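There are 2 protein chains.
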Amino acid sequence: MTPDEFVVTPYEVRGRIDYIRLREMFGTQALTNELLARLHSLTGGELSPLLTRGVYFSHRDLGWVLDQFAKNSPFFLYSGRGPSGPLHTSHLVPFELCQWLQQRLGVRMFIQITDDEKFWARPGLSREQTAYWGLENLYDLLALGFDPKRTHVFFDSRSISALYPLAVRVARKVPYSTVKAVFGFKPSTNIGLVFYTALQTVPCFWPSWAEGRSVPCLIPCGIDQDPHFRVTRDLAESLGYPKPALLHSQMIPGLLGDAAMSTTGDREENALFLNDSPKTVEKKVRQAFTGGRTTVEEQRRLGATPEICSVWALWRTRFAKSETEFQEVTRDCRSGALLCGDCKSKVLERVHAFYREHAAAREKVKDWAESTIITAAPKPL
Amino acid sequence: MTPDEFVVTPYEVRGRIDYIRLREMFGTQALTNELLARLHSLTGGELSPLLTRGVYFSHRDLGWVLDQFAKNSPFFLYSGRGPSGPLHTSHLVPFELCQWLQQRLGVRMFIQITDDEKFWARPGLSREQTAYWGLENLYDLLALGFDPKRTHVFFDSRSISALYPLAVRVARKVPYSTVKAVFGFKPSTNIGLVFYTALQTVPCFWPSWAEGRSVPCLIPCGIDQDPHFRVTRDLAESLGYPKPALLHSQMIPGLLGDAAMSTTGDREENALFLNDSPKTVEKKVRQAFTGGRTTVEEQRRLGATPEICSVWALWRTRFAKSETEFQEVTRDCRSGALLCGDCKSKVLERVHAFYREHAAAREKVKDWAESTIITAAPKPL
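Residue numbers (our numbering), protein chains in the order written: chain A, 1 to 381; chain B, 1 to 381.
FYI, nobody ran anything at the bench for these hints, they're computed from the structure. Quick caveat: nothing in here was measured; it's all calculated off a predicted structure. Backbone N, C-alpha and C define an ideal beta-carbon position, used for all residues, glycine too. Some clues are possibly wrong.
Distance condition first, Cα-Cα at most 25 Å in a straight line; then the derived BS3-like pairs of lysine-lysine [said to hold, decoys possible]: (1) B/180 <-> A/186; (2) A/379 <-> B/321; (3) B/344 <-> A/186; (4) B/186 <-> A/180; (5) A/321 <-> A/364; (6) A/364 <-> A/379; (7) B/364 <-> B/243; (8) B/149 <-> B/364; (9) A/149 <-> A/344; (10) B/366 <-> B/149; (11) B/173 <-> A/186; (12) A/344 <-> A/279; (13) A/173 <-> B/186; (14) B/379 <-> B/346; (15) A/180 <-> B/243; (16) B/180 <-> A/173; (17) B/379 <-> A/366; (18) A/149 <-> A/71; (19) B/149 <-> B/71; (20) A/180 <-> B/173; (21) B/279 <-> B/344.
Computed footprint of chain B on chain A; a stretch qualifies when at least three of its residues, placed anywhere within it, have a C-beta under 8 Å from a C-beta of chain B [unchecked claim]: (22) 126-133; (23) 158-166; (24) 177-184; (25) 322-329.
Okay, chain A solo, but in the shape it has when bound:
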């Protein structure tokens, strides 16, 4: 692999990703300033830092979703989580954008907790574990500030009655050859995983099905997840539902310098888990890969490279409190004025504060988390 090469699939992310080329390869649209300006005006003059800082950079049909919103046909948001263990901070990226959109636009949020799928995907996990992490993860997600009245959860194993009637219709439209091609399934892949894409598609159509009218859906997700929803988009119209729109984020680099903050393959040090102790957080950030130089002298003289730095990614996605601060950190990093050790100390304060606030918010959602889980189908067929 030359430095120019990269791989982005739902199963693998590696190399230095050229996001413009990737967008062209995937055939998605650029998240233009014009679209951001429309969102800015719809939200009464605000934009999430995840939008202004280029974390979200690509989309499918966002313009249509905003058109519909302007015509009094509001979209709903959909995102999901495969509960294989504790969440790490980059898992929050789609949910933080969802929460931001929900708060500004008053739209509904549907969260899918795929405790069945993770059991099928990870031979080492027990059903007890995926169910346990499903609830733990749900608390973390709801604690981001979702509105209890507008947030609905499909906790797969507990919501199967609500999901199944529509999943049956979806499944008939999906030949094995399609999931084999999109997900790279092998003869040894279990039949649960083969079926799963039907259940993952259901939330995209569920409100339309339940309400008997066309309800637009917007899915913020990492660009690596785009292939999943191409399957959904391809079959939407044949079932009489609108294609879900997508808003794609870049991959969030891991603390070890990986292209993505994945911890698959025992790379725990690559991510900040929400259940990490302050000591562990401190240790991971201190050891984190940066875009710094090999000596202080060199860094003072030549500056560092924020774009490849996992600590800069923390500032960028969450911890810079204002646009001004984010620009300052970026400028001082690049100029050599801010050394990596000091930068890490600064971001650690923010990380510790976030963990404290998050833990408090998390306790509060436990009162109402269960009430968000959908357990009954709106209609029998």
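With chain A held as given, fit chain B onto it using these hints.
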């Protein structure tokens, strides 16, 4: 295909079947007189005509199930129906044996109505149709005389909450390669059908799972269905459940002389549907293929061949009221004393009477049919 050749798979039955060879090919056991004698003694001196007349001829682990029964660990019965349309008389064969066993031994019966699977398997059927036929078929089955207190129904789309937790565990044990080999799936097969075998396996283990102890299962079915349950048997022990035992029937020949009473491919005349009018029944039986000779004179002289006769199959499976009558019909057919026209007139009286009685019984079960449908899981995982 020479006259000696035959094919028996879950998708195709053709040729003159040599059941002894088939049993050897499938690796199943003969239903011996010794086993029948044990059943005879357990039921207090009775045997179903389906057992005495050789309709059931093969098994897997029946001896073990009877051992367990004798040790106060009664088995339950399991059979299913894919509701693609009205039932015909040969669909009743496994259920009639089940009802007979339930009445004599007081055992539980689990019926699975696979309205999801039939929707996946038959592109021409709507969900409304498979759900409609599911309920209609259930009335017909319960009307055979099942005990409301000991009969439980998995109506897939309505029982999914009860089935899914166990289906999730089963599905992880079944690689795509297995279902591809057993069911002959192609790349174009939809992912619903690929998944389905997990749901078909669940009832075999459900009582063991629900009760946290090993509950033996006995499945009466056509020999063509044996490959389905080989998958189930192969994974049973790895999930901690006993292998289901099987009791195999021969194929019931169709009225048109086909090896099996299948009506797939617009062969309506091949079967007596339970919703056929008396006139239609009369017409189908009058046109039915027999083992008779080309002229009356020849038949009087040489006799007919009951083994290849679809009308003899009616006497054999249901309509001969006693062993004596069955032997008489068989003997008089073979000797030439009973001509096909007269034989058809005699059996038609019985068929008409059965339809009348069945219709009355069917009305009565509607009061309690819904109460047999299991809608909740006994435990969350």
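To see whether the hints hold, each was checked on the structure:
1. Distance hint between residue 180 of chain B and residue 186 of chain A is fulfilled; the C-alpha atoms sit about 12 Å from each other, no more than 25 Å.
2. Pair hint residue 379 of chain A plus residue 321 of chain B does not hold up; C-alpha atoms about 46 Å apart against a cutoff of 25 Å.
3. Taking the CA atoms of residue 344 of chain B and residue 186 of chain A, the gap is about 55 Å. The hint is violated against a cut of 25 Å.
4. For the given pair, residue 186 of chain B sits about 12 Å from residue 180 of chain A by alpha-carbon distance, which is consistent with the 25 Å threshold.
5. This hinted pair checks out: residue 321 of chain A and residue 364 of chain A have alpha carbons roughly 24 Å apart, not beyond 25 Å.
6. Between residue 364 of chain A and residue 379 of chain A the alpha-carbon distance is near 33 Å, which puts this suggested pair outside the 25 Å criterion.
7. The suggested pairing of residue 364 of chain B with residue 243 of chain B is violated, with an alpha-carbon distance near 35 Å, which exceeds 25 Å.
8. Between the alpha carbons of residue 149 of chain B and residue 364 of chain B the distance comes to roughly 15 Å, so the proposed pair stays at or under 25 Å and holds.
9. For the hint linking residue 149 of chain A to residue 344 of chain A, the alpha-carbon distance of about 38 Å lies beyond 25 Å, and the restraint is violated.
10. Our distance criterion of 25 Å between C-alpha atoms is met by residue 366 of chain B and residue 149 of chain B, whose separation comes to about 15 Å.
11. Our distance criterion of 25 Å between C-alpha atoms is met by residue 173 of chain B and residue 186 of chain A, whose separation comes to about 15 Å.
12. For the hint linking residue 344 of chain A to residue 279 of chain A, the alpha-carbon distance of about 14 Å falls within 25 Å, and the restraint holds.
13. As the CA atoms of residue 173 of chain A and residue 186 of chain B are separated by approximately 15 Å, the hinted pair is consistent with the 25 Å bound.
14. A hinted pair counts as satisfied when its Cα atoms are at most 25 Å apart, and residue 379 of chain B with residue 346 of chain B does not qualify at roughly 53 Å.
15. For the hint pairing residue 180 of chain A with residue 243 of chain B, the CA-to-CA distance comes to about 31 Å; that exceeds 25 Å, so the pair is violated.
16. Our distance criterion of 25 Å between C-alpha atoms is met by residue 180 of chain B and residue 173 of chain A, whose separation comes to about 19 Å.
17. With a CA separation close to 22 Å, the supplied pair residue 379 of chain B and residue 366 of chain A stays within the 25 Å bound.
18. With a C-alpha separation of about 23 Å, the suggested pair residue 149 of chain A and residue 71 of chain A falls inside the 25 Å cut-off, and the hint holds.
19. The straight-line distance between the Cα atoms of residue 149 of chain B and residue 71 of chain B is roughly 23 Å, inside the 25 Å bound, and the hint therefore holds.
20. For the given pair, residue 180 of chain A sits about 19 Å from residue 173 of chain B by alpha-carbon distance, which is consistent with the 25 Å threshold.
21. A distance of roughly 14 Å separates the Cα atoms of residue 279 of chain B and residue 344 of chain B; the hinted pair therefore holds under the 25 Å criterion.
22. Only residues whose beta carbon comes within less than 8 Å of a beta carbon in chain B count, and the region 126-133 of chain A has 3; three or more means the coverage holds.
23. With a threshold of 8 Å between beta carbons, the proposed coverage of the region 158-166 of chain A by chain B holds, since 5 of its residues qualify and at least three are required.
24. With 3 residues bearing a CB less than 8 Å from a CB of chain B, the region 177-184 of chain A meets the requirement of three and the coverage assertion stands.
25. As drawn, the region 322-329 of chain A meets chain B at 0 residues by the rule of a beta-carbon pair under 8 Å; below three, the given contact is violated.
Checked against the numbered hints given earlier, the structure breaks hints 2, 3, 6, 7, 9, 14, 15 and 25 and satisfies all the rest.
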